[in-house]
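Engineer: Here is how the chains run, residue by residue.
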Amino acid sequence: MANHLQFNFQDATSPLMQELVKFHDHSLTILFFISALILYILMMTSLSKLTNKNILDSQEIEMVWTVIPAFILIMLALPSIQILYLMDEIASPDITIKTVGHQWYWTYEFSDLSKESEIESYMLPTADLQNGDFRLLEVDNRISVPMDSKIRMLITSEDVLHAWTLPSMGIKVDAVPGRLNQVTFSSSLPGLFFGQCSEICGANHSFMPIAMEVIPLKTFESWIIKL
Amino acid sequence: MLACRAIHAVGRRAFASSSSLLAHGHVVSKPEPWTLPSYYEQTDIPLPELPYVTELTSAQHALKEKEKGPWGSLTKEEKIDLYRIKFHRTYAEMNKPTSEWKTVIGGTLFFIGATGLIYLWTRIYVMGPIPHTFSEEWVAMQTQRMLDMHVNPITGISSHWDYEKKEWKK
Numbered sequence: 019m020a021n022h023l024q025f026n027f028q029d030a031t032s033p034l035m036q037e038l039v040k041f042h043d044h045s046l047t048i049l050f051f052i053s054a055l056i057l058y059i060l061m062m063t064s065l066s067k068l069t070n071k072n073i074l075d076s077q078e079i080e081m082v083w084t085v086i087p088a089f090i091l092i093m094l095a096l097p098s099i100q101i102l103y104l105m106d107e108i109a110s111p112d113i114t115i116k117t118v119g120h121q122w123y124w125t126y127e128f129s130d131l132s133k134e135s136e137i138e139s140y141m142l143p144t145a146d147l148q149n150g151d152f153r154l155l156e157v158d159n160r161i162s163v164p165m166d167s168k169i170r171m172l173i174t175s176e177d178v179l180h181a182w183t184l185p186s187m188g189i190k191v192d193a194v195p196g197r198l199n200q201v202t203f204s205s206s207l208p209g210l211f212f213g214q215c216s217e218i219c220g221a222n223h224s225f226m227p228i229a230m231e232v233i234p235l236k237t238f239e240s241w242i243i244k245l
Numbered sequence: 004m005l006a007c008r009a010i011h012a013v014g015r016r017a018f019a020s021s022s023s024l025l026a027h028g029h030v031v032s033k034p035e036p037w038t039l040p041s042y043y044e045q046t047d048i049p050l051p052e053l054p055y056v057t058e059l060t061s062a063q064h065a066l067k068e069k070e071k072g073p074w075g076s077l078t079k080e081e082k083i084d085l086y087r088i089k090f091h092r093t094y095a096e097m098n099k100p101t102s103e104w105k106t107v108i109g110g111t112l113f114f115i116g117a118t119g120l121i122y123l124w125t126r127i128y129v130m131g132p133i134p135h136t137f138s139e140e141w142v143a144m145q146t147q148r149m150l151d152m153h154v155n156p157i158t159g160i161s162s163h164w165d166y167e168k169k170e171w172k173k
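Those protein sequence lines, which keep their order, are chains A and B.
Just so you know, we're using my numbering here: the first sequence kicks off at 19 and counts up by one.
Just so you know, we're using my numbering here: the second sequence kicks off at 4 and counts up by one.
With the rest of the complex left out, here is chain A (with noise of 0.2 Å):
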């Protein structure tokens, strides 16, 4: 979760948003590198004394800053591409798990099991916070997904359009009525991740936010046996 004002991303917990991070890095230099550079020519031009109206054209300096953007343009695009196909990365998933979506609270079912089962997920209202609860990020009842295992999410809607978001994992994924969208993740970091409705859906869409716990693999056994 998120600091108090916190700027930054949050730590990755999926290699996905890892990647994302990197890649963030990577285009934040070039952005500043080029920043620096347009103000100082901007500084430098307005700030002269020299003035020539008739300079119309210049090959060697056009031929200098074309090339160099395309060659920036490149660097930018090349990681870009990676990490999109890195994404849409077909694995045979360990595990399925439907999220629908309704106004204004998030279904989870699991429908691996010989038992089909089903979570509904509401936000705690802020009178009912337990001491240290998180204002507008606990949920009544978390979902559980198992630690190391790639987990496919098939996300839809009920009514509305709404957006099932896990900034932590670097997901977040629409969930369009009469459409399933699919997600494939993993996390080999243990803990609780929040994430809040990303689409707008109606006067509570501040207040349908997403808690999912990951934990161990026997511990999710016994807790899905139980559901």
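Source of the hints: derived by calculation from the structure; they are not laboratory data.
These numbers come from a predicted model, not from an experiment.
Capping the alpha-carbon separation at 27 Å, the derived lysine-lysine pairs in BS3-like fashion look like this: (1) B:K99 with A:K71; (2) A:K67 with B:K105; (3) A:K40 with A:K168; (4) B:K71 with B:K82; (5) B:K82 with B:K99; (6) A:K133 with A:K236; (7) A:K71 with B:K89; (8) B:K99 with A:K67; (9) A:K67 with B:K89; (10) A:K40 with A:K190; (11) A:K40 with B:K172.
With chain A's structure known, arrange chain B on it following the hints.
Structural biologist: For chain B alone, kept in the frame of chain A given last:
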């Protein structure tokens, strides 16, 4: 047949070209004021199209006649007068700093201050109380829970906590 009749009715002049009109001394169109040469005062236009003073007094006329002779015979004041006929201000006068920046900064700070006062009034008289989870005790309990959960252990809050000594890292 009908076309012939129509042309004769309108008159031959309506179809004459502008070049033939000009050759006979008729002005084609009134020139727009902004197309005529004018006096521009800009630091990157050293020689404007027109002099500043176009209607000269008799004294200035005499000075202009004297200018046609050797310039060594002109006195300093005469040279300055000739300059003032040709140009309105000197480069030094054009580049002189103004006090405009003081007005701009002062006005900006004033309006920022006014905004702050409006926000202060709104905060005190309009907005309701903040949630109870902002109290110091609750924030302490929350922070302890975040540390117990090892939230953001690599570069975030848990990486700044020394779990052995049970204190924040120096």
